Amino acid sequence: MADHSPIAAPGAVKTITSLTNPTIKDIRGLALPKNRKESGLFVTEGMKLVADAVEEDWPIKILVYGAKVADHPVVKRVATTAHARGGDVLEVSEAVLSKITRRDNPQMVVGVFEQKLTPKSEIQPGPAGVWVALEGIKDPGNLGTIIRTADAVGAEGVILVGDTVDPFGVEAVRATMGSIFHMKLARMSVEEFKSWRKGWPGIVVGTHLSGKSDYRTIDYDRPVMLFMGNEQSGLPDDLAATCDHLVKIPQAGRADSLNLAIATGVMLYEIRRDKLKL
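Using the numbering used here, the first residue of the sequence shown is number 19, and each one after it goes up by one.
Since the hints were made in silico from the structure, they are not lab data. As the structure is a computational prediction, the values presented were derived from the model and not from experiment. Take the hints with a grain of salt, since some may be wrong.
Claimed, not checked - Derived lysine-lysine pairs resembling DSS-like cross-links, with alpha carbons at most 25 Å apart:
(1) LYS94 <-> LYS55
(2) LYS138 <-> LYS202
(3) LYS117 <-> LYS79
(4) LYS55 <-> LYS43
(5) LYS212 <-> LYS134
(6) LYS86 <-> LYS134
(7) LYS212 <-> LYS138
(8) LYS43 <-> LYS138
(9) LYS156 <-> LYS86
(10) LYS55 <-> LYS79
(11) LYS94 <-> LYS79
As the list claims (entries may be wrong) - For each label pair, taking beta carbons as the anchor points, the in silico distance ranges come out as:
(12) PRO51 <-> GLN269: 30 to 38 Å
(13) GLY104 <-> GLN269: 21 to 29 Å
(14) ILE34 <-> LYS293: 46 to 54 Å
(15) ILE221 <-> VAL31: 33 to 41 Å
(16) TYR287 <-> LYS216: 25 to 33 Å
(17) PRO268 <-> ASP75: 23 to 31 Å
(18) HIS90 <-> LYS216: 21 to 29 Å
(19) LEU203 <-> VAL284: 39 to 47 Å
(20) GLY217 <-> ALA102: 37 to 45 Å
(21) LEU135 <-> LEU50: 17 to 25 Å
Ideal Cβ placement from N, Cα and C applies to all residues, glycine included.
Using the sequences and the hints, build the whole thing.
Next up, the structure:
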């Protein structure tokens with residue numbers, strides 16, 4: 019992402035209506051994985067999600083909002099916070115928002131945030147803590163939905179193993195519905211995971227075609243890592259071998275498999291069954 023001069027004074031708002039503005043081009047460029055990787059930034063859309071991120075102390079670099087919501091109290095609060103944290107604040111036309119979001123009816127608020135990943139040395143599960151490890155996930159909607167579900171059940175974080183899709187891509191962020199700002203995320207290579215997993219203080223449970231146990235028969239009252247594999251091929255054998263238990267989810271109909279995000283949700287709600295109360 020190009021280096022632009024900061025807004026002249028704290029509290030100042032820069033107005034942009036040009037579709038060719040360099041900053042707008044840079045924000046649009048964050049749709050590409052290589053630009054997100056180089057810059058360490060990503061985009062999130064929507065007033066609530068941007069406000070949630072700011073409230074969770076995610077470092078905001080740029081706040082963009084449409085002129086029609088300039089006086090909204092949430093926008094004013096987020097703009098004040100963004101200024102205080104050194105972020106740029108841009109008021110733009112709806113045409114510019116459409117260009118940024120690639121939508122005809124765009125969200126009126128967009129935030130550019132710094133990416134945050136948890137070092138593996140800082141993954142310290144609680145006595146009954148739950149983490150989800152995902153290997154080779156390709157669908158950003160699946161990844162985002164899993165992050166959202168992990169948040170919903172009170173899991174502590176998600177570990178991305180190997181060649182897993184970028185959680186900071188626009189589709190994945192949208193699918194999390196804001197949970198990306200509440201969950202710890204870590205990333206490891208396959209070899210890093212194999213080595214690090216040896217120090218895991220609880221059990222590792224994976225779903226696998228060769229699983230012999232019903233997923234409802236496992237004692238989950240300890241730190242649990244749920245390990246789920248790629249949408250098409252599941253966990254490869256070498257990673258399945260790192261699991262203490264390989265389980266199956268029984269099926270009665272004619273479908274030959276469950277969607278990955280659904281299967282992960284079924285597993286997480288069973289693991290957390292005794293911890294979730296209305």
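Can you list which hints this structure breaks, lowest number first? 1, 6, 8, 9, 13, 15, 17, 18, 19
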